[in-house]
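Participant: Assemble the complex: chain A is given as a structure, and chain B must be docked to it using the hints.
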Amino acid sequence: MSYSREEVKAITDKVIDMAKADAVEVEFSGGERAATRWANSSITANLIEHDQEVQITVRYGQKSATTETHQFDDASLKSAIEQAQELAKRKPDNPEMMPLVKPPQDYVPVEAALPSAVDFGPAERAMMVKKSIEICEKKGVLAAGYIPKLHWTSAVANSEGLFAYFRYAEASFILTCRTPDGTGSGWAGTTGIKNVSSIDAAALTDVASEKALRSQKPRAIEPGNYTVILEPRAAARYLSLAMPSFNARAAEEGRNFMAGKERGQTRLGEKVFGENVTIRSEIGHPVLRQTPVGQDGLAARPVTWVEKGVVRNLYYDRFWAQKQGKTPTATSPNMSLSMEGGTATVADMIKATRRGLLVTFMWYIRPVEMMTLLYTGMTRDGLFLIENGEIAGPVQNFRWNETPAVSFNNITMLGRPEPIHTGEAYDNPGTAMVPAMRIDDFTMTSISPAV
Amino acid sequence: MSRSRRDFLRSMTAGALALGAGQYLHLPGVAAAPLARRDPKFREWGSEAIKTARRLGCSYCDIRFTRNRNQAVVVRNGQLGSGGFQSYGGFGGGDGAIVETYGFGVRVLHGGVWGFASSPIVTPDEITRVVGRAADVAKASAVAKKFDVTLAPVPAYDDVWQTPIERDPFEVPLEEKIAMLAEVSLALKKNPGVLFGSAQAGFKHEWKFLATSEGSFIEQDLRYATCRCSATARHQGQVKTRTYSPSSASRGYEFVVNARLADHAERVAAEAVEHAMAKPVGSGLKDLVLLPSHLQLTIHEIIAHPTELDRVVGYEANYAGTSFITLKDVGRLKYGSPLFNVVADRTYPGAMATVGYDDDGVKSQKWQIVKDGILVGLQTNRETAHYMGETESRGCTFANHWRNFPFLRMPNVQLEPGPPGSPTLEQMIGSVKDGVLVDGTGSFSIDQQRYNGQFGGDAFWEIRNGKVTRMVTDFTYNAITTDFWANLEAVGPPEAWEHHGMDGDAKGQPVQSNWPSHGSSPCLVRRVMVGTAFA
Numbered sequence: 001m002s003y004s005r006e007e008v009k010a011i012t013d014k015v016i017d018m019a020k021a022d023a024v025e026v027e028f029s030g031g032e033r034a035a036t037r038w039a040n041s042s043i044t045a046n047l048i049e050h051d052q053e054v055q056i057t058v059r060y061g062q063k064s065a066t067t068e069t070h071q072f073d074d075a076s077l078k079s080a081i082e083q084a085q086e087l088a089k090r091k092p093d094n095p096e097m098m099p100l101v102k103p104p105q106d107y108v109p110v111e112a113a114l115p116s117a118v119d120f121g122p123a124e125r126a127m128m129v130k131k132s133i134e135i136c137e138k139k140g141v142l143a144a145g146y147i148p149k150l151h152w153t154s155a156v157a158n159s160e161g162l163f164a165y166f167r168y169a170e171a172s173f174i175l176t177c178r179t180p181d182g183t184g185s186g187w188a189g190t191t192g193i194k195n196v197s198s199i200d201a202a203a204l205t206d207v208a209s210e211k212a213l214r215s216q217k218p219r220a221i222e223p224g225n226y227t228v229i230l231e232p233r234a235a236a237r238y239l240s241l242a243m244p245s246f247n248a249r250a251a252e253e254g255r256n257f258m259a260g261k262e263r264g265q266t267r268l269g270e271k272v273f274g275e276n277v278t279i280r281s282e283i284g285h286p287v288l289r290q291t292p293v294g295q296d297g298l299a300a301r302p303v304t305w306v307e308k309g310v311v312r313n314l315y316y317d318r319f320w321a322q323k324q325g326k327t328p329t330a331t332s333p334n335m336s337l338s339m340e341g342g343t344a345t346v347a348d349m350i351k352a353t354r355r356g357l358l359v360t361f362m363w364y365i366r367p368v369e370m371m372t373l374l375y376t377g378m379t380r381d382g383l384f385l386i387e388n389g390e391i392a393g394p395v396q397n398f399r400w401n402e403t404p405a406v407s408f409n410n411i412t413m414l415g416r417p418e419p420i421h422t423g424e425a426y427d428n429p430g431t432a433m434v435p436a437m438r439i440d441d442f443t444m445t446s447i448s449p450a451v
Numbered sequence: 001m002s003r004s005r006r007d008f009l010r011s012m013t014a015g016a017l018a019l020g021a022g023q024y025l026h027l028p029g030v031a032a033a034p035l036a037r038r039d040p041k042f043r044e045w046g047s048e049a050i051k052t053a054r055r056l057g058c059s060y061c062d063i064r065f066t067r068n069r070n071q072a073v074v075v076r077n078g079q080l081g082s083g084g085f086q087s088y089g090g091f092g093g094g095d096g097a098i099v100e101t102y103g104f105g106v107r108v109l110h111g112g113v114w115g116f117a118s119s120p121i122v123t124p125d126e127i128t129r130v131v132g133r134a135a136d137v138a139k140a141s142a143v144a145k146k147f148d149v150t151l152a153p154v155p156a157y158d159d160v161w162q163t164p165i166e167r168d169p170f171e172v173p174l175e176e177k178i179a180m181l182a183e184v185s186l187a188l189k190k191n192p193g194v195l196f197g198s199a200q201a202g203f204k205h206e207w208k209f210l211a212t213s214e215g216s217f218i219e220q221d222l223r224y225a226t227c228r229c230s231a232t233a234r235h236q237g238q239v240k241t242r243t244y245s246p247s248s249a250s251r252g253y254e255f256v257v258n259a260r261l262a263d264h265a266e267r268v269a270a271e272a273v274e275h276a277m278a279k280p281v282g283s284g285l286k287d288l289v290l291l292p293s294h295l296q297l298t299i300h301e302i303i304a305h306p307t308e309l310d311r312v313v314g315y316e317a318n319y320a321g322t323s324f325i326t327l328k329d330v331g332r333l334k335y336g337s338p339l340f341n342v343v344a345d346r347t348y349p350g351a352m353a354t355v356g357y358d359d360d361g362v363k364s365q366k367w368q369i370v371k372d373g374i375l376v377g378l379q380t381n382r383e384t385a386h387y388m389g390e391t392e393s394r395g396c397t398f399a400n401h402w403r404n405f406p407f408l409r410m411p412n413v414q415l416e417p418g419p420p421g422s423p424t425l426e427q428m429i430g431s432v433k434d435g436v437l438v439d440g441t442g443s444f445s446i447d448q449q450r451y452n453g454q455f456g457g458d459a460f461w462e463i464r465n466g467k468v469t470r471m472v473t474d475f476t477y478n479a480i481t482t483d484f485w486a487n488l489e490a491v492g493p494p495e496a497w498e499h500h501g502m503d504g505d506a507k508g509q510p511v512q513s514n515w516p517s518h519g520s521s522p523c524l525v526r527r528v529m530v531g532t533a534f535a
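Chain order of the listed sequences is A and B. First residue of the first sequence? That's 1 in my numbering, and the numbers climb one at a time after it. First residue of the second sequence? That's 1 in my numbering, and the numbers climb one at a time after it.
Simulated from the structure, these hints should not be mistaken for lab results. For every residue, glycine included, the Cβ atom is placed at its ideal position computed from N, Cα and C. Certain hints may be false.
[What the hints assert, rightly or not] Partial list, computed: chain B residues near chain A (C-beta under 7 Å):
id	residue
1	L35
2	S118
3	S141
4	Y157
5	V239
6	V376
7	S443
8	Q449
9	N452
10	T532
[Said to hold, decoys possible] DSSO-like cross-link-like pairs, simulated, lysine-lysine; straight-line CA separation at most 30 Å:
id	chain 1	residue 1	chain 2	residue 2
11	B	K189	A	K217
12	A	K131	B	K279
13	A	K139	B	K328
14	A	K261	B	K279
15	B	K146	A	K139
16	B	K507	A	K130
17	A	K261	B	K189
18	A	K308	A	K351
19	B	K507	A	K89
[Claimed, not checked] So the derived label-pair ranges between C-beta atoms look like this:
id	chain 1	residue 1	chain 2	residue 2	range
20	A	K9	B	P124	28 to 36 Å
21	B	R54	A	N428	45 to 53 Å
22	B	G331	A	E86	52 to 60 Å
23	B	D158	A	E111	48 to 56 Å
24	B	T391	A	G393	39 to 47 Å
25	B	T391	A	D17	57 to 65 Å
26	B	Q236	A	E307	29 to 37 Å
27	B	R43	A	D181	46 to 54 Å
28	B	K279	A	N428	55 to 63 Å
29	A	G121	B	Q236	45 to 53 Å
30	A	S76	B	K279	27 to 35 Å
31	B	Q236	A	E210	47 to 55 Å
Isolated chain A, as found in the complex:
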C-alpha cells in the first residue's frame, strides 16, 4: 500500500479545510508493515498489515486537543475533527504550547523508497528463508529468524501552509541458529536496508550457523572486569543507552546524566567521553536514508552531539528552547545516528587482545540508575573467551552492570561503522551507523547457563 504526496496532501488539506479552529495540525502515517517469521527451520508466520491514520490537533488560543482516525471517509474525518474541537474547548490552557511551524522549511532531499524494498513481497521473503534454511540444514543447525519490511509514509501539515512528506521502504534479515541439542546459539543480521539486493542472507546464515556450532557446550568462567569486543549489534544497543541523556530540559531540571553540579547547569562543553568518541546525527546519510523532517515539521539538520569526547549539543524542544533563550534542535538524538569508527576489523581486535570476551549480542538491557547511566543486561547468542590474541572457546553468558559514562572512556579500538538497529526489537526505524568497539574494564557481575 503506497501513499503518494498528492494523495496525502489531499487528505491533510481536507482535514485543515473542515476544521473550525484558530489553528490545525495534521499528522499522517500509513502504509504496509509485513513480516516473515520462522523457527525450528520452518516458517511460522507470514503477514501483511495495512494501516493508515491521521492525527488531528485543533487549537483555540493556548488550548488544544488531538484525535485520530484510521478511516478517511468524510464522515469519519468529520467525527474525529468534531471530537477534537469539543475536547480542546474543555481543556485547560497549555502554557507550553508553541506556535505552529511555518513554511518554507528546507528539507534535505532523501530518496528512501527504492523499488527493491517497495516490491519485497511474501514470496521473495519466503525464498530468502528457504535458502537460509537449506544452509542451516547442511550445517546441522536449527534456524529461527525474522524478516520485517516496512513501506511507510509519514507527513506533517498545518494551517500555516506547512506540508512535509517522507516515504521510505526498508527491510532487515535477522537470524538465530541453534544446535539441535540446545547447547549452542549464534546470531547474525542486518537491519534498516533500503536496497534489499544488498542483503546477503547466505553470508549472514554462514556467520550465525558458525557461531552456533562454535558456541556449543560453553564453560563457566568467573564474573569480573573484562576487556570486551562488542560486535556492531551489541555496540549499537550499548550506544543507544547514552542518547536519552542529551535531553536539555531533563539536564537543566537536574534529572539526567547531562545535569551539571547545580540545578540549571549542564555538561555542555565538558569532556565526558574518551577522545575517540564522536557521535553525530547525519541527516541525508547515503546508507541510512532516514527522514529529514524533524520536530513539529522543522527541517532536520546535521548535529554533532559529541566531538572527541566533548558534549557539543543538547536537544532543545521548541518550548524549552524559547524559555531558555536557545535555538530549538530540529533533530532529535535518535535521528540518522552515526558514531565515528576506526579502521580495525573484529579479527584485528581479537589479535590485539591478551584476555577478553567477544560479545555477539546484548539482551534485555534495562536502566538501574539513570543519573549515572547504570544499566544491566545479558550477553547472548555467541560469547567467546579470547586469550593471547585468539578465540579460546565459548563461555557461558554473563549478566553485566555497566555505564557508558565509564566505558565510553575505555574504548581502545573501533571498527568501521555499519548499519545496525539500536533498539531491542526491529519493527520501527532505529538503524544507526555503528562500529564494533573494544572496551576495557567492562563489568560482568554473574553468569547464566542460558543458551
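Facilitator: Just chain B now, with coordinates in the frame of chain A:
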C-alpha cells in the same frame, strides 16, 4: 487492592483484602446489547469471509473485527500533559485525547501454513481482498515449511462476554479526571523536597467480534483501567521517584476512584525525599520480604514467561528467547519450595487477562502450573497443545490490535496464597535478622531462557533483627530462578493476597504488548544475593 507501606508499618495487623473470588460475569444476553448483536453485518461479513477462504482452499480461517478506544490523562505539578510528557503504558499519550482505532484481521491456514492480513477499511470488498491476500501470503510461504500447523479441536460457540464495570470511564467528563489528578499532583508537590508531583490515569475499551471456520461467533466487550501517582525528589545529586500504584485492572472508572490516590500523596512525597537521602544497602546475601506490588514483576519474568509452551519448543528463539524448561520437566521439575503454588487463570474477576474467550475462540479457564513446588502445567493454545500431548487448548492466543497476528500470550499467572494461618507480613519481618523489605517495581532484566534475573523495586527498607529500620537505596537482587523459589520460606495467608495487573509485556515479531495480572501474598525468600549491580 494494593496496600501501602504505611498501613502495615502502623498497624502490623491484617493485610489488605483480596478481591472477591467467584465466577466471572458471563452474559449471554445483556441489557445494552453490544454492537454485533445490534448490527448483523459483522456476522454476515464474517460468514462471507470464511466462505471466501474456503473457496480459496484454506483449511481454517478466522476474522476478527476490533474497535479500541484509549485515553490517558497525565498531570504534572498541576499541569495537564502534552507533547514532551512520557507516554503512559499502552493507554495513550497523556493529554486526555481519546484515541480510537477500528479494523479487522484475517488469519488463514493453507497447505498447513499461516497467512495473515489486516486492514482499517471495513467494507465487504476490502474483506474479500484481504482474505485473498492472507491466502496468497500462506501459499507463498509453503516453500519454506517443514511441518504443518496442527490445531487442537475446539467447540463452536455463539456467545457474548463483557467485562463487568460500575462506571464507564469514557462517560466521565475530562474535567473531572483532570481535577482529581491535579489535586493529587499538587498535594505531592506540597513537600518542599519534591521537584515534580505527577498523577496519571488511563482507560481502555476494546470491542471485538470473532468469526471462525470452526463455527464460532464470539463478541467481547473488554474494559481496563490504571492509575498511579509519583513524586520525584533530588538531594545532593541523587534523584529518586517514589510511586504509589494499585496497578491496572479490567474494571471501570470505579478502579481509579477506589485507588484514592490523594490519600497516598503525603506519604509518597515524604518517601521520595527520604529515598533521595537514603544510604546504599550494600551487597551480600540477605533475606528478602517481598510485597505483592513487587512480586508481580518477578512472577511475570521467572514464572509466567518460562512456562509459555511456544517458548519451550523454540518459537521465540530469535527474539524473546526460549525457556530453561523442557517438555520432559512437566511433572518432574522442582521449581521451588513445597510452599510454591502457581495457577494460570483467565477467569479471575478484574484481572487484566480475564476474558470470556481467547482469540482462537477457546473458552477461558483456570489450571495449575506449579503444585507444591513441582512444575505440573504450561500455557498452551490450539497451535501448541499437541507438543505436550494435550488434546485441548488452554486458551492463550491473543492479539493486541486488529492489525496484528494472534499468537500465544500469557494469561493471568498467580502465586497462590499460603493456607489460613500462614505467617503474616509482620511475622515474616520479625523472623529476619539481616534483610530488605521491597515494595513496587523498578529495574528488571532476565536472560533469554529465564535462569538469571536482576530486579530492583520502587522502595526498600532495611530489616535488622526483626525490625524495619530505615529506607535504603542502590538495591537490586539477583534471582537464579529455581534457587530463588527453592528458598521461598513463607507465603502470606489468603487475606493478604493482592491482585496486580500489568499494562505492558513485549513478545513476538512484530512485537506486541500483552496485559496479564500477577497476584500474590507477601513472601519471604532467604539468602538472596543483593546489591551486585552497584558493587
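Participant: Taking the hints in turn, state whether each one holds.
Facilitator: Now for the hints, and whether the structure bears them out:
no., hint, in the structure
1, L35, "violated (16 Å)"
2, S118, "holds (5 Å)"
3, S141, "holds (4 Å)"
4, Y157, "violated (25 Å)"
5, V239, "holds (5 Å)"
6, V376, "violated (23 Å)"
7, S443, "holds (5 Å)"
8, Q449, "holds (4 Å)"
9, N452, "holds (4 Å)"
10, T532, "holds (5 Å)"
11, B/K189 with A/K217, "violated (55 Å)"
12, A/K131 with B/K279, "violated (58 Å)"
13, A/K139 with B/K328, "holds (27 Å)"
14, A/K261 with B/K279, "holds (20 Å)"
15, B/K146 with A/K139, "holds (17 Å)"
16, B/K507 with A/K130, "holds (24 Å)"
17, A/K261 with B/K189, "holds (23 Å)"
18, A/K308 with A/K351, "holds (26 Å)"
19, B/K507 with A/K89, "violated (39 Å)"
20, A/K9 with B/P124: 28 to 36 Å, "holds (29 Å)"
21, B/R54 with A/N428: 45 to 53 Å, "violated (36 Å)"
22, B/G331 with A/E86: 52 to 60 Å, "holds (59 Å)"
23, B/D158 with A/E111: 48 to 56 Å, "holds (53 Å)"
24, B/T391 with A/G393: 39 to 47 Å, "holds (45 Å)"
25, B/T391 with A/D17: 57 to 65 Å, "holds (60 Å)"
26, B/Q236 with A/E307: 29 to 37 Å, "holds (31 Å)"
27, B/R43 with A/D181: 46 to 54 Å, "holds (50 Å)"
28, B/K279 with A/N428: 55 to 63 Å, "violated (41 Å)"
29, A/G121 with B/Q236: 45 to 53 Å, "violated (59 Å)"
30, A/S76 with B/K279: 27 to 35 Å, "violated (58 Å)"
31, B/Q236 with A/E210: 47 to 55 Å, "holds (51 Å)"
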